[in-house]
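So the protein sequences, as listed, match chains A and B. Numbered according to my numbering, the first sequence spans residues 572 to 685. Numbered according to my numbering, the second sequence spans residues 444 to 559.
To be clear, the hints were calculated from the coordinates, so they are not data collected in a lab. Treat the numbers as computed from the prediction; the structure is a model and nothing was measured. Ideal Cβ positions, reconstructed from N, Cα and C, are used throughout, including at glycine. Treat the hints loosely; a few may be bogus.
[Claimed, not checked] Partner residues are not named here, just some residues of chain A that face chain B (Cβ under 7 Å, in silico):
1. THR599
2. TYR610
3. GLY614
4. LEU617
5. LYS672
6. THR677
7. GLN680
[Unchecked claim] Counterexamples of contact, computed for chain B against chain A with all Cβ distances above 10 Å:
8. LYS454
9. GLY471
10. PRO504
11. GLN545
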Amino acid sequence: GDSVTQMEGPVTLSEEAFLTINCTYTATGYPSLFWYVQYPGEGLQLLLKATKADDKGSNKGFEATYRKETTSFHLEKGSVQVSDSAVYFCALSAYTGGGNKLTFGTGTQLKVEL
Amino acid sequence: GAGVSQSPSNKVTEKGKDVELRCDPISGHTALYWYRQSLGQGLEFLIYFQGNSAPDKSGLPSDRFSAERTGGSVSTLTIQRTQQEDSAVYLCASSPFGGGRQETQYFGPGTRLLVL
Chain A
572 GDSVTQMEGP VTLSEEAFLT INCTYTATGY PSLFWYVQYP GEGLQLLLKA TKADDKGSNK
632 GFEATYRKET TSFHLEKGSV QVSDSAVYFC ALSAYTGGGN KLTFGTGTQL KVEL
Chain B
444 GAGVSQSPSN KVTEKGKDVE LRCDPISGHT ALYWYRQSLG QGLEFLIYFQ GNSAPDKSGL
504 PSDRFSAERT GGSVSTLTIQ RTQQEDSAVY LCASSPFGGG RQETQYFGPG TRLLVL
């Protein structure tokens, strides 16, 4: 079946540091890839997505590139802020005609300190 | 516009009781999903509704779990004879069409269920 593996957390960084959260996937079809973020006390919200190989999703300074050859979708940001502290979930969607259900990774907690 | 809403936001119940969780999707969205977020299992798919089609129930963990969607809009997730392992945050999401893998799902704030 489909699966998503992302790096364990928590990840603790100083403000303005470079962020990478690794994500790799296994899928039987040709999935779309997503990063969702959950800020403290809030619901899941889409951060960015990519729907085909070599696509780059970007939002709020975050980027991730769909790498089919390495089955990866790593999340990066050049300079993190305290306000980026949250839990980040990598997910895939491989529509098989029965629904567009998302398969999530376990989540990576990011803490950004001054 | 209004997002996905869920009620109640928190629910505490005793083991063995039945609970109902409600989801109001974004107006006009035809696809509706339920997920569960728990410490042991992470985020997992439960059930999917698409228009008037039969739901995809492949993620429901046991026959104690059921869901319905009335009039193609509001959905209710029912858990019968709750067990302590049912304690989790139950998330509802909706999307405009549900017919393509690239479609974004919009999540509600969740219902936090605690079974004592």
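Now the hints, each set against the structure:
1. THR599: Given a least distance of 12 Å, the restraint on THR599 (chain A) is violated.
2. TYR610: 11 Å, violated
3. GLY614: 4 Å, holds
4. LEU617: 5 Å, holds
5. LYS672: Holds: closest Cβ of chain B sits about 4 Å from LYS672 (chain A), inside 7 Å.
6. THR677: Result: holds, 5 Å to nearest chain B Cβ.
7. GLN680: Given a least distance of 13 Å, the restraint on GLN680 (chain A) is violated.
8. LYS454: 16 Å, holds
9. GLY471: 17 Å, holds
10. PRO504: Label holds. Min Cβ-Cβ 15 Å, cutoff 10 Å.
11. GLN545: The claim is violated: GLN545 (chain B) sits with its nearest Cβ about 4 Å from chain A, within 10 Å.
In summary, the structure is inconsistent with hints 1, 2, 7, 11 from the numbered list given earlier, while agreeing with the others.
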